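Participant: Sequence:
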Amino acid sequence: MRRLVRGFWGPREESVEELADRWAATLDRLALLLPEAALPGQWDMAGASGGPATPLSTDTDSLRAALQAARTADDWAKGTGTALRLTAAGAPGWTVEVSGLAGGDSEFLLQSLVIGIRPPAGAVLPAAELLTALAEFWAPDFGDVTDDDVLDALEDEAGYGVGEPCVGRAGYLSPARGELVPDDLTVPRAALPGGGLLLDIAPEGDVDTVVRAFERLRESGALQPLPRPMDRATL
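Per the working numbering, numbering of the sequence shown is gapless, rising by one per residue and ending at 235.
Derived from the structure by calculation, the hints contain no laboratory data. Remember, it's a predicted structure, so these values are computed and weren't measured experimentally. Ideal placement from N, C-alpha and C gives every residue a C-beta, glycine not left out. Mixed in with the good hints, there may be bad ones.
[Unchecked claim] Restraint-style ranges between C-beta atoms, simulated for each label pair:
hint, residue 1, residue 2, range
1, A89, L180, 38 to 46 Å
2, P229, E204, 18 to 26 Å
3, T72, S99, 13 to 21 Å
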């Protein structure tokens, strides 16, 4: 099953240079956290409008050039953000995809970074470490480690809607959201050095605990959406 590590935030206009630094740090950390995946130093970059993928090195200069090309080709990039999607096939059974939409100042469209990992059967992912890296490099408003089973349960049992703040097996909340986490939510939590709160909610397969935690966090206000139109990156 595919696992997702996701982060979302509001408008935050950024330069190509800033985004390239974030991308490079993310890809480097992925290689360190997933050694068994043997991720390459060259990924496949999705082509525009469904065109063929092209190889892209993960050094900062190559990422900067790719982001600049993507921004130049999209007249709406300033508002919507600069999109980039990279895929790497590592060791047998491993596929990792990283998709980002960042640097925009839209008042209605969330910026995002999503890491999709398809590991071989039986592989254990360092969920907390992956989400911590995303939080460190992208400073999101909220984030999670999740999968299709969790998302389906949240939609069916808790009324979750796509695009709403959410937690999964692990959750990240920006500093203002972290202050709203209720004391009676008895899950391990850790303050991150760069700010925000990491919640270790449930092991893989324990969907019911995730649903209950989501409902309690929503009741407390920790998962309230950013006000629309959005005028800041985090709550």
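Participant: Are the hints correct? Go through all of them and say.
Facilitator: Evaluation of the provided hints:
1. A89 with L180: 38 to 46 Å: Holds, at about 41 Å.
2. P229 with E204: 18 to 26 Å: 37 Å, violated
3. T72 with S99: 13 to 21 Å: 19 Å, holds
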